[in-house]
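Protein chains: 2
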Amino acid sequence: MQAYSSLFQRLNHAIQEQQNKLRELSPKEMYNPMDYIIGLGGKRVRPLMTLVGCDLFDENPDEAIPAALAVELFHNFSLIHDDILDNAPLRRGSVTVHEKWGHGIGLLSGDGMLVKAYDVLSKSKSNYIPDLLRIFTKTGLEVCEGQQMDMNFETTEYVSVADYIEMITKKTAVLLGCSLQMGAICANASVDNQNHLYEFGKHIGIAFQILDDLLDVYAEDEKFGKQLGGDIISNKKTFLLLSAIQLANESQKKRFEQLLSTKDISNLDKITEVKQLYDALAVRALAVKEANKHTELAFEHLNELSANKEKLNNLKEFARHLLNREV
Amino acid sequence: MQAYSSLFQRLNHAIQEQQNKLRELSPKEMYNPMDYIIGLGGKRVRPLMTLVGCDLFDENPDEAIPAALAVELFHNFSLIHDDILDNAPLRRGSVTVHEKWGHGIGLLSGDGMLVKAYDVLSKSKSNYIPDLLRIFTKTGLEVCEGQQMDMNFETTEYVSVADYIEMITKKTAVLLGCSLQMGAICANASVDNQNHLYEFGKHIGIAFQILDDLLDVYAEDEKFGKQLGGDIISNKKTFLLLSAIQLANESQKKRFEQLLSTKDISNLDKITEVKQLYDALAVRALAVKEANKHTELAFEHLNELSANKEKLNNLKEFARHLLNREV
Numbered sequence: 001m002q003a004y005s006s007l008f009q010r011l012n013h014a015i016q017e018q019q020n021k022l023r024e025l026s027p028k029e030m031y032n033p034m035d036y037i038i039g040l041g042g043k044r045v046r047p048l049m050t051l052v053g054c055d056l057f058d059e060n061p062d063e064a065i066p067a068a069l070a071v072e073l074f075h076n077f078s079l080i081h082d083d084i085l086d087n088a089p090l091r092r093g094s095v096t097v098h099e100k101w102g103h104g105i106g107l108l109s110g111d112g113m114l115v116k117a118y119d120v121l122s123k124s125k126s127n128y129i130p131d132l133l134r135i136f137t138k139t140g141l142e143v144c145e146g147q148q149m150d151m152n153f154e155t156t157e158y159v160s161v162a163d164y165i166e167m168i169t170k171k172t173a174v175l176l177g178c179s180l181q182m183g184a185i186c187a188n189a190s191v192d193n194q195n196h197l198y199e200f201g202k203h204i205g206i207a208f209q210i211l212d213d214l215l216d217v218y219a220e221d222e223k224f225g226k227q228l229g230g231d232i233i234s235n236k237k238t239f240l241l242l243s244a245i246q247l248a249n250e251s252q253k254k255r256f257e258q259l260l261s262t263k264d265i266s267n268l269d270k271i272t273e274v275k276q277l278y279d280a281l282a283v284r285a286l287a288v289k290e291a292n293k294h295t296e297l298a299f300e301h302l303n304e305l306s307a308n309k310e311k312l313n314n315l316k317e318f319a320r321h322l323l324n325r326e327v
Numbered sequence: 001m002q003a004y005s006s007l008f009q010r011l012n013h014a015i016q017e018q019q020n021k022l023r024e025l026s027p028k029e030m031y032n033p034m035d036y037i038i039g040l041g042g043k044r045v046r047p048l049m050t051l052v053g054c055d056l057f058d059e060n061p062d063e064a065i066p067a068a069l070a071v072e073l074f075h076n077f078s079l080i081h082d083d084i085l086d087n088a089p090l091r092r093g094s095v096t097v098h099e100k101w102g103h104g105i106g107l108l109s110g111d112g113m114l115v116k117a118y119d120v121l122s123k124s125k126s127n128y129i130p131d132l133l134r135i136f137t138k139t140g141l142e143v144c145e146g147q148q149m150d151m152n153f154e155t156t157e158y159v160s161v162a163d164y165i166e167m168i169t170k171k172t173a174v175l176l177g178c179s180l181q182m183g184a185i186c187a188n189a190s191v192d193n194q195n196h197l198y199e200f201g202k203h204i205g206i207a208f209q210i211l212d213d214l215l216d217v218y219a220e221d222e223k224f225g226k227q228l229g230g231d232i233i234s235n236k237k238t239f240l241l242l243s244a245i246q247l248a249n250e251s252q253k254k255r256f257e258q259l260l261s262t263k264d265i266s267n268l269d270k271i272t273e274v275k276q277l278y279d280a281l282a283v284r285a286l287a288v289k290e291a292n293k294h295t296e297l298a299f300e301h302l303n304e305l306s307a308n309k310e311k312l313n314n315l316k317e318f319a320r321h322l323l324n325r326e327v
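Protein chains in written order, with the working numbering: chain A, 1 to 327; chain B, 1 to 327.
Don't read these hints as lab results, they were simulated from the structure. Some hints here could point you the wrong way.
[Said to hold, decoys possible] Simulated DEER-style distance windows between Cβ atoms:
| id | chain 1 | residue 1 | chain 2 | residue 2 | range |
| --- | --- | --- | --- | --- | --- |
| 1 | B | GLN2 | A | LYS100 | 50 to 56 Å |
| 2 | B | LEU90 | A | ASP58 | 37 to 43 Å |
| 3 | B | GLN16 | A | GLY102 | 34 to 40 Å |
| 4 | A | LYS275 | B | SER94 | 36 to 42 Å |
| 5 | B | SER94 | A | LYS100 | 43 to 49 Å |
| 6 | A | LYS43 | B | ASP86 | 44 to 50 Å |
[Unchecked claim] Which stretches of chain B does chain A cover? Using the computed rule of at least three CB atoms under 8 Å from a CB of chain A, they are:
| id | stretch |
| --- | --- |
| 7 | 193-203 |
| 8 | 253-259 |
| 9 | 293-306 |
A virtual CB, placed ideally from N, CA and C, is assigned to each residue, including glycine.
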């Protein structure tokens, strides 16, 4: 987005500098994987939001660079360890850290990266550090809790939609809220403004995740990077599946159980039949409604913010841009 | 030690409270292992030193309780993950976290425990938080680096005694220094006093570790909890082995290589022969000398401290008590 090109440039420069520093550290076995996973890229939305959260209040965004880097390091730590937990061979099209260097290195460089995130955070201005530490750590715990809930879901027969919303809130949405709030802290924003910004980010994060579930099933092929129906094939407990099971009558419930346990069906047939059940239960509209609810909640919080009006509009536009993926 | 019985009582009470809090948190799968590993006990020397570091300057040691708990949580996080890395079935005579609950839970509850350590630290008085965060995080990175060095040593043919000292310094000694310094920070001690206390703890930690290596070989059986010669059997690169290899002539070097690679020798014969080589190379005296050097360095730093004289003497006595294991 044009409005953020200058902030984005600053961010990329700071990330590059951080990578250069990591390359100087030893033992290399622990620090090289940190440089590697940061180098795999990603959209850098979270650390960008930290700079945006600071810039909203007309403070020099450089004040928020340490917090932005801390968010990005934390996020990448969680990717290294999640990939171990998921036994994932690939991350952003490249081999995962544990595949490249082994599980021991994956575990330890992940640990080191989590501590490094705090190290970078500690370079913030001293008077902001206590508040930054509290929100960053509260969020870090929630991310771990969300990951644990996600793991638990794999072996839980009945997961409610409410549990699912709690899981995605913790696993992914709160970090977006935290990123924005940390920026606001570095601009010495009021607690009210901080909280509205946090809630804005959190609800955008929830909406984004629900839309992600929708995209897996309903995206137009060419606009979607991943295989369509991947969640259905892998029996992933998504908003759609959990809503559908919650709404299903006895015979539909039975059919879901069969579809989730049988191996005597082709992927294509499974996708087709699950989609038919989704259509019969109208869960697509339900998911859109839920995503819209959170988007509206997010914008309500944005409207409560006292900050630079033009910059608030840019943020609103950016959020729309984030969420505006064809479903 | 009598002088510390009151501090120890406060500490145990705080740890018990922390465990009660952990039992209230969910998901249980993530928090129960934290409660479990803390419950396995240990000497609690590190968090005790945090209270001692505060008490030395006649400040109410309760000020240092959050920092003390942070140290204990951090230490236990590192145990959970180290046990995964070492594939260890037992910790303090009980099954390890990953053996009890699986590797996934071990990884994630360890991560959560590391973040929880920061969470507890963030309950310290705000004006001390920036300094606490910096030393705690610097130390956390060094502990990870030390663990990585230790892992590297397993596949490194030639490890120098200097590398070994650096490894034990980072892996174990700095956390003792950090524990004391954090206590001093919570008593608003001067930077000079903080640094002397840190150096005292670090050098005591190094001396302790070298004495541990000595005990494995030379302890009187009944006074030593573990199997004598365990390090020799497992080819562990200890101060004794690395010093011996460094001093050995060509034929002795060759014999070491054979002893470290052959499987055609009984454990008892291996221990006997390695001990003979150690005797021939006089490495026992060398280790005692090195341990004494660090003990003296530690006490020099203690002498530079401006603090309550009686309490300084108690600390000196406690350090002697820690190091006074028969070798």
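Hints, verified against the model:
1. Roughly 54 Å separates the CB atoms of B:GLN2 and A:LYS100, a value that falls within the hinted 50 to 56 Å.
2. A hinted range of 37 to 43 Å is violated for the C-beta pair B:LEU90 and A:ASP58, which are about 58 Å apart.
3. Taking the beta carbon of each, B:GLN16 and A:GLY102 are about 39 Å apart, inside 34 to 40 Å as hinted.
4. Restraint check, A:LYS275 to B:SER94: a C-beta distance of roughly 50 Å breaks the suggested window 36 to 42 Å.
5. Taken as a hint, the range 43 to 49 Å is violated for the pair B:SER94 and A:LYS100, whose Cβ atoms sit roughly 34 Å apart.
6. Hint check: A:LYS43 to B:ASP86, Cβ distance near 38 Å, so the stated range 44 to 50 Å is violated.
7. Evaluation of the coverage hint for the stretch 193-203 of chain B: breached, as 0 residues show C-beta separations to chain A shorter than 8 Å, against a requirement of three.
8. Requiring three or more residues with a Cβ within less than 8 Å of a Cβ of chain A, the coverage given for the stretch 253-259 of chain B is violated, as only 0 such residues are present.
9. Figure legend: the stretch 293-306 of chain B, annotated as covered by chain A; annotation inconsistent (0 residues with Cβ-Cβ distances under 8 Å, at least 3 required).
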